[in-house]
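Peer 1: Residue-level listing of the chains:
2 protein chains.
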Amino acid sequence: MAERIQSDSSESSPLLVVGSVAFDNVITPYGEKEHILGGAASYCSFAASYYAAVRMVGVIGNDFGDEYLDRLRSRGIDLEGVQKDETGPTFFWKGKYHENFNRRDTLDIQLNVFEKFRPDLPESYKDSKFVLLGNIHPALQMHVLNQLEGSSFVLADTIDLWIEIEKNALLDLIKKVNLFVINDTEAEELTGENNIILAGNKLRKMGPEIVIIKKGEHGAILFHEDGMFALPAYPVTELRDPTGAGDSFAGALIGRLASQNRTDFNAIKEAMIYATCTASLTVEAFGCDRLESAGVNAIKERSEKLLQLISLD
Amino acid sequence: MAERIQSDSSESSPLLVVGSVAFDNVITPYGEKEHILGGAASYCSFAASYYAAVRMVGVIGNDFGDEYLDRLRSRGIDLEGVQKDETGPTFFWKGKYHENFNRRDTLDIQLNVFEKFRPDLPESYKDSKFVLLGNIHPALQMHVLNQLEGSSFVLADTIDLWIEIEKNALLDLIKKVNLFVINDTEAEELTGENNIILAGNKLRKMGPEIVIIKKGEHGAILFHEDGMFALPAYPVTELRDPTGAGDSFAGALIGRLASQNRTDFNAIKEAMIYATCTASLTVEAFGCDRLESAGVNAIKERSEKLLQLISLD
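Top to bottom, those sequences are chains B and G. For the first sequence, the numbering used here assigns the number 1 to the initial residue and increments by one for each residue that follows. For the second sequence, the numbering used here assigns the number 1001 to the initial residue and increments by one for each residue that follows.
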C-alpha cells in the first residue's frame, strides 16, 4: 500500500475524485516540458493519496499508456472509475507561464475524448462519503452528485471558464456542495465583490456552508459558520510550475478530512495546513513529478515548518 | 494622559519618531477630502501613542494651526522636536487612488518648508532607546542616528522614491538599523529578487538583523534570525483611504516594543498583531480620523479577532 500520513481516526473514509485527465505541454521561465501527465483528477488524486484511499473517475484516450496508469496505481489509487475511450487521444492542454508566474496563456487546447465524457460512477463508488468534484463542466459535476447514494461531504472546485460561460449551472451546483474552493479572482468574478472578505461571506449565502478562497502565494482564507481562518502559503523559494497547485490543495484538503472522518471547523483548519504543504511540493517541479515522489516525510516536515511560521511562540 | 494599551513591563521606554508632517488632498473612489493632517510622522506618532510615550520630530509651516498641534497633544505626543518654519507653508501632497485601491497617482507635491528640513534632535530626545525613522530622505534618517547617545533599537521605513534616486544612501542607512520595514514591491526593487522569501533573506544580509515585508491586504512577513513569521492582514471590509497604513503599522509596531521594552522574536510577533490592527483602523477613514478616534478598546477587540483568525483551535 502506498504510504500515507497517519490518521487520528479508526474510521477513515475512501474519497471519490472526479475530474479531467490530461497530457500537458508546459512552458515556464525555467524551461519547457512536453507530454506531462496532468488534469485536475490526476493532481487531486495524487495529492489525496497521501491521506486517504482514492477512487478516481475520469477519461483517458488511446494514447494513454500503462506506464501512466502504473504511476497512479503505485500511489494506491483505485482506477475502476477511469474510462478508456479508444476512439481518440487524451485531453491535451498547452500553456505558457510568464515571468513571475503571475499570468498564463493557453496556447492550445484539444478536448479529444474528454468532449464526450460522462462521469458515470461504478456501483462500488456510489456510497462514497467524501467527494471531490474537480474542475469540469458544472453539469457533469452535478451528474456525479445525482448518482451518489446516502449523504456525502462534497467539495467542488471550478475555474473562471465556467463562471464566464456556465454561470447558472455553476450557481445550481454550489447550492448542493458543502465546501466550495475558488481562487480570489474567480470569487470576485462570481460575486461582483472586490473585497475578499465580502466575497467569501457572499459565496456562503449562495449555498455552500463552507468556502475557501485561495490566494496563491498569499495563502488561503476559510469562511465557516464558526468563524474565519487565514493561512499564509508555504514559503516556496523554488517555484517551477504552478500547474495543478489548486488541484493538489483541494485533493489534500478533502483527503485529510476523509482520513480523519471529520468535517468540523478545526478539522478543516488542520486539513488546510496539509493542503498548503502538499500544493507547495507540486509547484516545485513540472507536472506531478515532485508531488508523486515527495513522500510522507516531506509533507510532515513542511507542516511542522508552516505551523512554526504562524506560531506566536 | 492619553489612554494606552497596557504594557507588561514596568520599564516602558519613550519612542522617538522622525518623519514628514503634511497636509494631504486625497481622492478615492469614495470621495475627496482636502487639507487632511498627514505625513509619516503624524501617522506614526498617532499610532505609537496608543502604546508608548512619543517624542515627535518634524517640520511644520506657517499654515499649521494650533488645532492640529492640539490633536497631536491630545494623544500625549511630545512636540518639543517639531520645528515651526514661518517662511512657508507645510509640506503638501495630493494623490488619487484608483478603483480597488491597487494603484495611486501623485497629482501634486509641494515640499515647502520640508525642503530645508534638518531633523535636529532636542537634547532631551538624544537618549531615546527606541527610534522610528519614518520615510524621509535616507541622509536625514542617518543624521538622526548620528545624534543619538547610547544604544538604541532603530526601525527604518522607506518608499520607492529613495530606492530609485538615493539607493546608496539607503543601503548605507539600513546597515545601521535593527528593524527595516518595507513593502513587497519595494523589497523586490531593492534586492532584485521577485520571490518575497528570497528578498527578505537577502535584505537581512544587507544589514538589518530584522526585516518585515508588508504585503498590504495580504499581511506581512517577519524575517528574523530565530525564524520567520507570517501574519495575515486584519479583515477590513470598509477600506476608505489607505494613506498612512504603512506608517501606522510601523508606529504601532515599535510603539508596542518600546512599551514592552523588548525586541526579541516573540515580542516582535506580538507587536505585529497590534501593528496590523492599528493600521486596519487607519484605512477605514480619510486621513488620521479613525486612527485618532478609535480608542484602546477598538484596538484590543481587533487584536482578539486577529488572534482568532490565525488560531488553529
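Be aware that one or more of the hints could be misleading.
Said to hold, decoys possible - Straight-line distance between alpha carbons at most 27 Å, and here's what the computed DSSO-like set of lysine-lysine pairs gives:
#	chain 1	residue 1	chain 2	residue 2
1	G	K1129	G	K1176
2	B	K305	G	K1176
3	B	K205	G	K1305
4	G	K1300	B	K269
5	B	K269	G	K1215
6	G	K1269	G	K1175
7	B	K305	G	K1269
8	B	K215	G	K1033
9	B	K175	B	K215
10	B	K202	G	K1116
11	G	K1269	B	K300
12	G	K1305	B	K215
13	G	K1215	B	K215
14	B	K305	G	K1094
15	B	K126	B	K176
16	B	K84	B	K94
17	G	K1126	B	K305
18	B	K269	G	K1176
19	G	K1116	G	K1094
20	B	K202	B	K116
21	G	K1094	B	K202
22	G	K1176	G	K1202
23	B	K202	B	K126
24	B	K215	G	K1175
25	G	K1129	B	K305
26	G	K1129	G	K1205
27	B	K94	B	K126
28	B	K305	B	K215
29	B	K215	B	K33
30	B	K269	G	K1269
To be clear, the hints were calculated from the coordinates, so they are not data collected in a lab.
Peer 1: Indicate, hint by hint, whether the structure satisfies it.
Peer 2: Hints versus structure:
1. K1129/G with K1176/G: OK: K1129/G and K1176/G at ~14 Å, within 27 Å.
2. K305/B with K1176/G: violated (31 Å)
3. K205/B with K1305/G: holds (22 Å)
4. K1300/G with K269/B: holds (24 Å)
5. K269/B with K1215/G: holds (23 Å)
6. K1269/G with K1175/G: holds (22 Å)
7. K305/B with K1269/G: Holds - the C-alpha atoms of K1269/G and K305/B are around 16 Å apart, at most 27 Å.
8. K215/B with K1033/G: Violated, because 33 Å separates the two Cα atoms, which is more than 27 Å.
9. K175/B with K215/B: holds (23 Å)
10. K202/B with K1116/G: violated (52 Å)
11. K1269/G with K300/B: holds (24 Å)
12. K1305/G with K215/B: Within the cut-off at roughly 21 Å; holds.
13. K1215/G with K215/B: holds (13 Å)
14. K305/B with K1094/G: The given pair, whose Cα atoms are some 44 Å apart, is violated under the 27 Å limit.
15. K126/B with K176/B: OK: K126/B and K176/B at ~17 Å, within 27 Å.
16. K84/B with K94/B: The hint holds at about 22 Å.
17. K1126/G with K305/B: This hinted pair is violated, its Cα atoms lying about 42 Å apart.
18. K269/B with K1176/G: violated (41 Å)
19. K1116/G with K1094/G: holds (20 Å)
20. K202/B with K116/B: Violated, because 34 Å separates the two Cα atoms, which is more than 27 Å.
21. K1094/G with K202/B: Distance ~35 Å between K1094/G and K202/B Cα, so the pair is violated.
22. K1176/G with K1202/G: Cα-Cα ~16 Å, so holds.
23. K202/B with K126/B: Violated. K202/B to K126/B sits at ~31 Å, over the 27 Å cutoff.
24. K215/B with K1175/G: Cα-Cα ~34 Å, so violated.
25. K1129/G with K305/B: Roughly 34 Å between the alpha carbons, so the hint for K1129/G and K305/B is violated.
26. K1129/G with K1205/G: Since the Cα atoms of K1129/G and K1205/G sit roughly 24 Å apart, the hinted pair holds (cutoff 27 Å).
27. K94/B with K126/B: violated (34 Å)
28. K305/B with K215/B: holds (20 Å)
29. K215/B with K33/B: holds (26 Å)
30. K269/B with K1269/G: holds (21 Å)
When held up to the earlier numbered hints, the structure conflicts with 2, 8, 10, 14, 17, 18, 20, 21, 23, 24, 25 and 27 and fits the remainder.
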